[in-house]
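There are 2 protein chains.
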Amino acid sequence: MTPSDLARRIDHTILKPEALPPEVHKVVTEAIEYAFASVCVAPAWVGKVSAMLKGTPVACCTVVGFPNGTSKPTLKAIEASSAIKDGATEVDVVAFLPFLINHDVDAAKAELMEVVRAARATRSDVVIKVIVESAALLKAGGEKGERALATACQAVRQSGCDFIKTSTGFHPAGGASVEAVRLMKKYGEGLLVKASGGIRDLATAQAMIEAGADRLGLSASVAIVEELKQGGTKAPQPTGGY
Amino acid sequence: MTPSDLARRIDHTILKPEALPPEVHKVVTEAIEYAFASVCVAPAWVGKVSAMLKGTPVACCTVVGFPNGTSKPTLKAIEASSAIKDGATEVDVVAFLPFLINHDVDAAKAELMEVVRAARATRSDVVIKVIVESAALLKAGGEKGERALATACQAVRQSGCDFIKTSTGFHPAGGASVEAVRLMKKYGEGLLVKASGGIRDLATAQAMIEAGADRLGLSASVAIVEELKQGGTKAPQPTGGY
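Sequences listed follow chains A and B, in order. Position 206 (the first sequence) corresponds to 292 in our numbering; numbering is contiguous. Position 108 (the second sequence) corresponds to 194 in our numbering; numbering is contiguous.
These are calculated hints, taken from the structure and not from any lab test. Hints should not be assumed to be uniformly reliable.
Using 27 Å as the maximum straight-line C-alpha spacing, the simulated DSSO-like pairs for lysine-lysine come out as follows [claimed, not checked]:
| hint | chain 1 | residue 1 | chain 2 | residue 2 |
| --- | --- | --- | --- | --- |
| 1 | A | Lys225 | A | Lys102 |
| 2 | A | Lys171 | A | Lys134 |
| 3 | B | Lys102 | A | Lys134 |
| 4 | B | Lys102 | A | Lys230 |
| 5 | B | Lys225 | A | Lys102 |
| 6 | A | Lys171 | B | Lys195 |
| 7 | B | Lys230 | A | Lys112 |
| 8 | B | Lys271 | B | Lys230 |
| 9 | A | Lys102 | B | Lys230 |
| 10 | A | Lys230 | B | Lys112 |
| 11 | B | Lys171 | A | Lys171 |
| 12 | B | Lys102 | A | Lys195 |
| 13 | B | Lys134 | B | Lys112 |
| 14 | B | Lys112 | A | Lys225 |
| 15 | A | Lys195 | B | Lys171 |
| 16 | A | Lys102 | B | Lys171 |
| 17 | B | Lys195 | A | Lys102 |
| 18 | A | Lys230 | A | Lys272 |
| 19 | A | Lys112 | B | Lys225 |
| 20 | B | Lys134 | B | Lys195 |
| 21 | B | Lys102 | A | Lys225 |
| 22 | B | Lys171 | B | Lys195 |
| 23 | A | Lys195 | B | Lys271 |
| 24 | A | Lys272 | A | Lys112 |
What you are looking at is a predicted structure, and each value in this text was computed from that prediction instead of being measured.
Model the full assembly from the supplied sequences, consistent with the hints where possible.
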């Protein structure tokens, strides 16, 4: 994989609540310089960031119901639609976890469909990713955890979303894991997979791609691409919070 | 302080994203039994919880823009209004932290005013608390951190909100501290103060009240009230995430 192959799989991400304008500005500048897939920012930043990205090939990605997924489906739909009007072309929506833990595909699907309808009515080619907090689902352990993740894949697929995404990076149960990505490829036929949350070095990023990740959500994007340019071979580090 | 004095200062809180219906149900039942001030749940739960609380003296509290505070002011306004229509009588809104860190009272106030107008138009006597993530603000350190917290107090006061609240319980910088509560009493004249985030024992709860907290946001509410009933005297524990 060349550095530019890697770069085009990266959503260059800044979601910490205390991010200040110069930090967000720097992330946007880096994304243009490295030709990352997108810049991923909170809804409050979308207007400014999408204006900065205008005329570049870098997409503006945002998050909805983030990070807990406990706002109402209607609110998630309004938030998605509003962010798209502000210039977002990709939205990463956090699913309501109790539906997944309880293996309630119908309820999970109904929630996502409400967001999908509003989002696609606003912009038909918007890319929709669904964050299912895989570490929290798998924490249930064994067959039960795997079944929660299978439920998530089914709901995401049936609601016509594009990606299933591992993690917010904010949940204490942790971020992306190779196991979660593998299970998403197993149960999410036809879905693209985004691995995110605690991926801080090249070896971990490469492990996620080898497991099947199509997109990576990273804050350490520049360091990781630079590590590849220098032929880095450090061992993977444990993933964690943001 | 009697156990019932303590209980009436407590917002009995369950905000973890993976909370399942039986856990939420248990929290509501406990709140009624112990006569806590309110049950605090995410917006997705407000309809069910407020129905369960009908006819009791326990209020239904919810959170808005939670926990990052990075949704747009308009969305926070819609979310508050929607939750009040669902039955919430208290809303805890997370402020956009960059305004506070940059000491921009006008921008912080404008955001809060948008939420206040929408919330009070829906229910004139709604109680509005503003979460300012004091540990993150104070992390800047010394005079700069204190000035961010003073900015927060000024914006919350001028926008006509009822409470200033320390923490979401989800920020890695930590939860409530005695220092934060003291500074809120110093700079937030006329405001009520809610201490929340990582308060897990009676000694810590009492320290917050002694520092000036009028309300406490707790998950360990039952254990703490029981500790008081048994005349507990354990040393305060360090506060942390949820």
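Evaluation of the provided hints:
1. Restraint check: the Cα-Cα separation between lysine 225 (chain A) and lysine 102 (chain A) comes to about 24 Å, which is no more than 27 Å; the hinted pair holds.
2. Between lysine 171 (chain A) and lysine 134 (chain A), the direct Cα distance comes to roughly 12 Å. Compliance with the 27 Å bound is thereby established for this hinted pair.
3. Simply put, lysine 102 (chain B) and lysine 134 (chain A) have alpha-carbon atoms about 31 Å apart, too far for the 27 Å limit, and the pair is violated.
4. For the suggested pair lysine 102 (chain B) and lysine 230 (chain A), the alpha carbons sit about 20 Å apart, so the restraint of at most 27 Å is met.
5. Taking the CA atoms of lysine 225 (chain B) and lysine 102 (chain A), the gap is about 14 Å. The hint holds against a cut of 27 Å.
6. For the hint linking lysine 171 (chain A) to lysine 195 (chain B), the alpha-carbon distance of about 25 Å falls within 27 Å, and the restraint holds.
7. As the CA atoms of lysine 230 (chain B) and lysine 112 (chain A) are separated by approximately 23 Å, the hinted pair is consistent with the 27 Å bound.
8. With a CA separation close to 18 Å, the supplied pair lysine 271 (chain B) and lysine 230 (chain B) stays within the 27 Å bound.
9. For the given pair, lysine 102 (chain A) sits about 20 Å from lysine 230 (chain B) by alpha-carbon distance, which is consistent with the 27 Å threshold.
10. Restraint check for lysine 230 (chain A) and lysine 112 (chain B): the C-alpha separation of about 23 Å stays at or below 27 Å, so the hint holds.
11. For the suggested pair lysine 171 (chain B) and lysine 171 (chain A), the alpha carbons sit about 26 Å apart, so the restraint of at most 27 Å is met.
12. Of the supplied pair hints, the one linking lysine 102 (chain B) and lysine 195 (chain A) holds, its CA atoms being roughly 21 Å apart against a limit of 27 Å.
13. Between the alpha carbons of lysine 134 (chain B) and lysine 112 (chain B) the distance comes to roughly 13 Å, so the proposed pair stays at or under 27 Å and holds.
14. A hinted pair counts as satisfied when its Cα atoms are at most 27 Å apart, and lysine 112 (chain B) with lysine 225 (chain A) qualifies at roughly 22 Å.
15. Of the pairs offered as hints, the one joining lysine 195 (chain A) and lysine 171 (chain B) holds, with about 25 Å between alpha carbons and a cut-off of 27 Å not exceeded.
16. For the suggested pair lysine 102 (chain A) and lysine 171 (chain B), the alpha carbons sit about 30 Å apart, so the restraint of at most 27 Å is broken.
17. For the suggested pair lysine 195 (chain B) and lysine 102 (chain A), the alpha carbons sit about 21 Å apart, so the restraint of at most 27 Å is met.
18. Between lysine 230 (chain A) and lysine 272 (chain A), the direct Cα distance comes to roughly 16 Å. Compliance with the 27 Å bound is thereby established for this hinted pair.
19. As the CA atoms of lysine 112 (chain A) and lysine 225 (chain B) are separated by approximately 22 Å, the hinted pair is consistent with the 27 Å bound.
20. Distance restraint check for lysine 134 (chain B) and lysine 195 (chain B): the Cα-Cα separation of roughly 32 Å exceeds the 27 Å cut-off, and the hinted pair is therefore not satisfied.
21. Under the criterion of a C-alpha separation no larger than 27 Å, the hint pairing lysine 102 (chain B) with lysine 225 (chain A) is consistent with the structure, at around 14 Å.
22. Proximity of lysine 171 (chain B) to lysine 195 (chain B) is assessed by CA-CA distance (about 24 Å); at most 27 Å being required, the pair is judged to hold.
23. Proximity of lysine 195 (chain A) to lysine 271 (chain B) is assessed by CA-CA distance (about 47 Å); at most 27 Å being required, the pair is judged violated.
24. A C-alpha spacing of about 37 Å is found between lysine 272 (chain A) and lysine 112 (chain A), which places the hinted pair above 27 Å, so the restraint is violated.
In this structure, the hints that do not hold are numbers 3, 16, 20, 23 and 24, in rising order.
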